[in-house]
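Participant: Produce the complete structure using the sequences and hints provided.
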Amino acid sequence: RNLKSDRFEKARRSRTNELDLLWLKLDSMASRRTIVAAILSVALEVRSAHAFAPNTFQPLLRSSTATKTCNLAAKFPAASLRPTQLRQARSAIPLRMMSTVTENPLLALDTFPQFNSIKAEQVVPGFTKIIQDCDDKLAALEADLEKKDYVVEINSFLSTLEALSDDFGRSWGAVNHLKSVKDTEELRNAVQETQPSVVTFSTKMSQSEAIYKAFKKVKEGKDFASLTLAQKRIVESNLLEAELSGIALEGAKKDRFNEIQQELAKLSTEFSNNMMDCTKAYSLKLTKKEEVAGLPESALGLAAQTAVSKGDNDATAENGPWVFTLDMPSYLPVQQHAKDRSLREKMYEARCTLASEKSEGKDNTPIINKILALRKEKAELLGKKNFAEVSTSTKMATFEAAMALMEKLRSASYDPAQKELEELQKFAAEQGFQGELKPWDTSFYAERLREALYSYTDEEIRPYFSLPKVLDGLFQLANRLFDVEVVKADITPPLWDSEVQFWQINRD
395 RNLKSDRFEK ARRSRTNELD LLWLKLDSMA SRRTIVAAIL SVALEVRSAH AFAPNTFQPL
455 LRSSTATKTC NLAAKFPAAS LRPTQLRQAR SAIPLRMMST VTENPLLALD TFPQFNSIKA
515 EQVVPGFTKI IQDCDDKLAA LEADLEKKDY VVEINSFLST LEALSDDFGR SWGAVNHLKS
575 VKDTEELRNA VQETQPSVVT FSTKMSQSEA IYKAFKKVKE GKDFASLTLA QKRIVESNLL
635 EAELSGIALE GAKKDRFNEI QQELAKLSTE FSNNMMDCTK AYSLKLTKKE EVAGLPESAL
695 GLAAQTAVSK GDNDATAENG PWVFTLDMPS YLPVQQHAKD RSLREKMYEA RCTLASEKSE
755 GKDNTPIINK ILALRKEKAE LLGKKNFAEV STSTKMATFE AAMALMEKLR SASYDPAQKE
815 LEELQKFAAE QGFQGELKPW DTSFYAERLR EALYSYTDEE IRPYFSLPKV LDGLFQLANR
875 LFDVEVVKAD ITPPLWDSEV QFWQINRD
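So the sequence shown is numbered by our numbering: it starts at 395 and just counts up by one.
Since the hints were made in silico from the structure, they are not lab data.
Errors might be hidden in some of the hints.
[To be verified] When the alpha-carbon atoms are kept at most 25 Å apart in a straight line, the in silico DMTMM-like pairs for lysine to aspartate or glutamate are as follows: (1) K683 x E854; (2) K770 x E783; (3) K674 x E739; (4) K573 x D757; (5) K682 x D734.
[Stated by the list, open to error] Derived Cβ-Cβ restraints for the label pairs, each shown as a range: (6) D538 x K863: 24 to 34 Å; (7) V878 x G829: 49 to 59 Å; (8) F876 x H571: 22 to 32 Å; (9) S692 x E794: 39 to 49 Å.
Cβ atoms here follow ideal geometry from the backbone N, Cα and C, with glycine treated the same way.
Facilitator: Following this line, the structure appears as structure tokens:
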């Protein structure tokens, strides 16, 4: 930025001094050699990023600091380090030392995803670049494995794979997270356009014969017994994942398997989009106090706030209007507290029929049927009886054990549940209810029964369960169970919403 500025010399001296200070800081961290090496490796990346101006950057390259950096970093190449170590390394370098190689935040190597900078129009070009780079790295890795007859040093091999997966996965994860929490038509279209390429690369990597052969050689080698439990688990999990990804298939069967993978990814996205659209589309505006009778103040406050967001700027909790949605914080209080039975029924039916034949153009029924058919076909291609066997292959449970547990729970709980329902029906009749309890009645009368038995309401205990108090209790429990300390982080990473909180987990 300063190449044509008279302030360049000052900037160059400042950068040199920062690197010298960084070296002095690292020199006192002898017990953390791996992280130190990672930071130095990234320092080399910083130096390389300025290669476009070699003449003006020569003073720094000639410094003793740069010599020390090169000598030590050469022993610990960045490619052999885990992604978490590299991100720690990058975060340790002053931000103004890091050159802005690209304006696309999806390509950034920052410690945290740049959620506040990612835009829909950056997704397609960003992932075109990411997938191309990862494809090149995968090809180079496969060629290297073949050259070495698939004999690997386990730590280096696993680190390389983790780095490759992390480069690809963290950006795609950031985009999908944004789609979940800040969905827009533009972002949805970008994800839809990018997803086929993402699935193709993921399938290509999981079906890599070179990587599979390398893991197979480790598993069958004499040194496998000396690996740590974690390393053994990683090796065995990767072999299983490759087999479940169709690596043993050939010809038309493999082509069909890959088509199914693409179709399942597409259908899953369509299913989620339909659910999200139908949930967003539903709202119920009430204007009369008798319509919201029984609802607690907190529920009315939220309904009034929703009304304001939809244009009723004068809405209040006391006088309305009130707008209810199918989001659980709005929906659940209606089912538990609304005296108007028709209101409970209307919202219950709306939620139970989300994205159904009642949702014009958003019916998930054919999507569900198609997913079931494709999963069955996928299982058959893999030599499994059903998709449940595919799913449980990577879990501790088996299909038979899971079904046995379900039956054990059903047989143990059915009679007590039937008795509880009869007691609730009797209590409702005592309160003046006539007829058989329907699904939109049970939550309402269960709350009334609890209030009668224990003499308290949700609103009375709400102050004791404010968010700060709940978080404090949760973190104290985590401390007792896992010996970790959860504290507010002293940094603020890029966030997608101002209300998002950022916490840090410490462990001595």
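Participant: Taking the beta carbons of S692 and E794, is their distance inside 39 to 49 Å?
Facilitator: Between S692 and E794, where Cβ atoms are some 46 Å apart, the hint holds.
Participant: Keeping to a limit of 25 Å between CA atoms, is the pair of K682 and D734 held or broken?
Facilitator: OK: K682 and D734 at ~12 Å, within 25 Å.
Participant: Check the hint pairing K683 with E854 against an upper bound of 25 Å on the C-alpha distance.
Facilitator: Roughly 22 Å separates the two Cα atoms, so the pair holds.
Participant: V878 and G829, beta-carbon distance inside 49 to 59 Å?
Facilitator: Given about 52 Å between the Cβ atoms, the range holds.
Participant: Could one say that the CB atoms of D538 and K863 fall in the range 24 to 34 Å?
Facilitator: 55 Å, violated
Participant: That 22 to 32 Å hint for F876 and H571 (C-beta), does it hold up?
Facilitator: Roughly 25 Å apart at Cβ, these two residues keep to the hinted range, so it holds.
Participant: Against the 25 Å threshold, does the CA-CA distance of K573 and D757 hold or violate the hint?
Facilitator: This hinted pair holds, its Cα atoms lying about 21 Å apart.
Participant: Holds or violated: are the alpha carbons of K674 and E739 at most 25 Å from each other?
Facilitator: 19 Å, holds
Participant: Check the hint pairing K770 with E783 against an upper bound of 25 Å on the C-alpha distance.
Facilitator: 10 Å, holds
Of the numbered hints given earlier, the model fails hint 6 alone.
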